[in-house]
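K.L.:
Given these sequences and hints, build the entire structure.
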Amino acid sequence: MWRPPDSSAATGRAEGQGHGEDTGKAGTSSVAGHPDLEIVSADVLERDLLDRAVGGCQAIYYLIHSMNDAGRDYADQDRRAAHHMVEAAGKGGVARIIYLGGLGGEAAALSPHLRSRHEVAQILQSGSVPVTYIRPG
0 MWRPPDSSAA TGRAEGQGHG EDTGKAGTSS VAGHPDLEIV SADVLERDLL
50 DRAVGGCQAI YYLIHSMNDA GRDYADQDRR AAHHMVEAAG KGGVARIIYL
100 GGLGGEAAAL SPHLRSRHEV AQILQSGSVP VTYIRPG
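Numbering (numbering that gives the first Met the number 0), first residue to last: 0 to 136.
Quick caveat, the hints were computed from the structure, so don't treat them as lab data. For clarity, every value in this text was computed on a predicted model and none was experimentally measured. Cβ atoms here follow ideal geometry from the backbone N, Cα and C, with glycine treated the same way. Heads up, some of the hints might be wrong.
Label-pair restraints from in silico Cβ distances [as the list claims (entries may be wrong)]:
hint, residue 1, residue 2, range
1, Leu44, Ser125, 12 to 20 angstroms
2, Pro34, Leu109, 40 to 48 angstroms
3, Leu36, Pro135, 20 to 28 angstroms
P.N.:
Take a look at the structure:
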């Protein structure tokens, strides 16, 4: 997620706070050599953390895809994560979501993995925040 660096004070987090903390907390870090970019991370399945992390962000690079143990339903987790992001981004005033999707067209015979990637794109596009959908050809 991209947030202008000066907005970290408005969210009550000092720049760099959260980096290296456990995965149950939202974190931030700066990209070396780029004064106008702050990386913010949060568990998309934890709505409260996600809402806090998204606040003040202008753009979200959604590079998330679940690949869980065989006993878990990764497609369901992908759907939940995407719905959480749609809600948090709309609530947080995000200007754009950039999503890196999967191979194949909508009509192609796709694996469950790739079908899930396309479903996430549809969920993200269903919200109020514009989505740039990048998909390999």
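K.L.:
Go through the numbered hints given earlier and state which of them the structure violates, listing their numbers in rising order.
P.N.:
Failing hints: none at all.
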